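> As they're listed, the protein sequences go chains A and B.
Per the working numbering, residue 1 is the first one in the first sequence, and the count goes up by one each step.
Per the working numbering, residue 1 is the first one in the second sequence, and the count goes up by one each step.
Note that these hints are calculated values from the structure, not bench results.
If you're wondering where the values come from, they're calculated on a predicted model, not measured in any experiment.
You may find that some hints are simply not true.
Restraint ranges, calculated between C-beta atoms of paired labels, are given here [to be verified]: (1) B:195 <-> A:200: 44 to 50 Å; (2) B:192 <-> A:99: 42 to 48 Å; (3) A:154 <-> B:277: 42 to 48 Å; (4) A:42 <-> B:211: 36 to 42 Å.
With a straight-line cut-off of 30 Å between C-alpha atoms, the simulated DSSO-like cross-links for lysine-lysine are [as the list claims (entries may be wrong)]: (5) A:183 <-> B:100; (6) B:293 <-> A:71; (7) B:42 <-> A:71; (8) B:293 <-> B:354.
Quick reminder that beta carbons are idealized off the backbone N, C-alpha and C, glycines included.
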Amino acid sequence: MNRNFKSILAFGVLAVLCSCASKKAAVEENAAQAGVQYDVAPDRIANRNVEYDQYFVELDENAAPATPDEKGFIRRWLLLEPINKPNGGNTVFTDSYIQKELNKEYFAGQFANAAPVAGSTVEVESEAPRAGGRGGFGGFGGGQQAQQAAPATVKQTLKWHAIDSKLFNIKLIRFAKGVREDKNGYGLIFNAVTVINCEEDMPNVRLAAGSNSASIWWVNGEQVLSLQADRRMVADDGMSQLLTLKKGKNIVRAAVINGPGMSDMCMRFYNEDGSIVKNITITTK
Amino acid sequence: MKSIFKIGLMALASVMVTETAMAQIGVPYIHDPATITKCDGKYYTWGTGGSALVSNDGWVWTSGARISVGAAPDMMQIGDRYLCAYSTTGGGLGGGHAGKIVTMWNNTLDPTSPDYKWSEPITVAYSENDEDCDAIDAGLLMTPDGRLFVSFGTYFGFIRMCELNPETGERLDSLAPDINIAVDCEASDIIYNDGWYYLFGTHGTCCDGVNSTYNLVCGRSQSPTGPFIDKVGRDMVEGGGRMFLGARDGYTGAGHFGRYIIEPGVEKVSLHWEADYYQGGRSTLAILPIVWKNGWPEAGFNIKDGVYSIESERRGYALELATEYVRLNAGRGMGGMFGGGAQSADNTVVPFQKLEDVIGNWPAGNIDVRICDYQFRPNQKWELVALEEGTLGTPYYKIVISGTNRALTAGPNKTVISTPEFTGAPEQMWSIDQLTDGTYRIMPKAAPGCSEPVCLISAGDSNASLGKFNMESDDCKWRFNQY
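Turn these sequences into a full structure, and let the hints steer you where they fit.
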């Protein structure tokens, strides 16, 4: 979403946010007043509010470094507004497909081993979203969509957002719906970057990730993990081979592709002995 | 573990045998089957779109009376009534996500009964068009202390649950919030077993025929509301889940768990295969045993057609015809130090005893059956062939000495004999149910003079008989092995 559009909608968005805040307050009030109480953690209570701020906090440039959460998940990321990549289903995400599509260079510096600047924009040429704004999805099933003529293309101006996720998993679909003018959350490629800061070299660690749907993960420019196929996000779904996080800054980059349906991702590091890596800090630059 | 491993090897080794023992027969075509429910002697299930199946015996299924339900209903008998929970909408993977879970009652599941009438559906839960939940795929849970819950949801966000009033089927407390119990899965169902609640969900690709990767996973909790944790410690809200069942040769896409307890120790899971290779890749109903191992459930195996030793769990001896023992005249590994024949002169294979070596000396009529050391002799090798009839989830089998038509038969006074010919009589038809500990129960369809069901038992270590099944007794349990 561009800044002008945000300005135009500022009042409306504010109204919606107020409405949603009221809705959330009502949920909590109802829970408190319910005759039946359940011994569950607050984050297990269903929240119907799906506004952007329920998932993300946009960071300013002076944000203090973050640390992994209690379970080691990395919640601080630079997220690029998603690139259109319409797909009628998620079963097309074979090994060769994701290697081709997620290694495709859409903009200069995409594969540079450096963190992009929060708030900066890139220009990309991508496939035009299909009718209905749902990535061309046609219903149940997952067979590959019919072959079509060369797809129409559009130019996108996409901004990098520096965010902290309020959840352990980065709800990419909510990011897309929050930043795109068309509110489309399907048929997209997400690019994410984070900076892992280490006081010393940390040899023999593994990057552990899950994504919905397929994804590729890089550490300091080297591809360390790919998760092919029609996947649901599962914590620690895949793990890299042993790698070294070097002293200083380490650039972790992820690309996630999704057709229709939910899309999210999560990532953390493990030591070789199976313990979770926590003695790191996370920044966006 | 060992037996499961053996059984797994058996399955791998048996790709060439007939597949009739693996699948329900008749016209078992369904998607998203409700938990199988018995009413007035018949078994029922319903699928998405209201498709229905009915069976008199639990093995042969035919089309039943459809009911007006949307997606993926579930059914539960509560007292003398039947509660159906289903979802009215749900747009699927790429559609809208507004959905409603509704419940309705009936006094009978027999559509020919004058009492057959569904009550007015009641909405008990919902999802709005774009929230992190899609309220479809209802699953009912009754706790041991009589609390009723329904779980619901699909790949679009959370699996949620809420509590219902078991008297009315309504939501227990309209102000109580739904509870998130899992994420990014679907077709949830919760069961209780031995102090734990187990949440089942389906992962993988749905509705893609032979390419579907649908698979059933579970986590467990000591509270019905979770958190449900998998075997490696992952919360199902983080996507965790331990595999219960995925694909098996010829069958892909296990989905939509439902549990049916026949009696303590004998449990079945109902599910659908996304694609049954042997039936054109159609989605079919499957009913398989549930095996519990170290507190975790696994899908068990029906016995495939083939030749097996049948070994008692009590001692480990093998079921055999009580025929004269015929010694083999071959070398001795101990160099003759304990007397007897001479040491072999070379390392050639010792010829196995063959049926034709001994059958001529067997009596022509009935022969007793006993239990003895397994030595892979012809009188110890039993061939199992699935028959067209069955019981819930398993066919009846013909059990004959391999290479003959001499059949295992339930005799008078709870005896077990072999008769020269298999005639298809009920006392020669055996149901074989895998038990929750992985062993098997072997029951004749009928036994002369017995009005109650009986099963094959080990009387002492060495004699076979019939008796009442008792899950606590190893006398009632058997293993099928192929070496």
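> Evaluate each hint against the coordinates.
Verification of the supplied hints:
A hinted range of 44 to 50 Å holds for the C-beta pair residue 195 of chain B and residue 200 of chain A, which are about 46 Å apart. Look at residue 192 of chain B against residue 99 of chain A: about 46 Å separates their beta carbons, and that is inside 42 to 48 Å. Between residue 154 of chain A and residue 277 of chain B the beta carbon distance is about 43 Å. The supplied range of 42 to 48 Å therefore holds. One distance hint, 36 to 42 Å for the beta-carbon pair residue 42 of chain A and residue 211 of chain B, holds here, with the actual separation near 40 Å.
Between the alpha carbons of residue 183 of chain A and residue 100 of chain B the distance comes to roughly 24 Å, so the proposed pair stays at or under 30 Å and holds. Only pairs whose Cα atoms come within 30 Å are accepted, and residue 293 of chain B paired with residue 71 of chain A is accepted, the gap being roughly 29 Å. Annotation: proposed proximity of residue 42 of chain B to residue 71 of chain A is violated, straight-line Cα distance about 50 Å (limit 30 Å). This hinted pair does not check out: residue 293 of chain B and residue 354 of chain B have alpha carbons roughly 38 Å apart, beyond 30 Å.
In this structure, the hints that do not hold are numbers 7, 8, in rising order.
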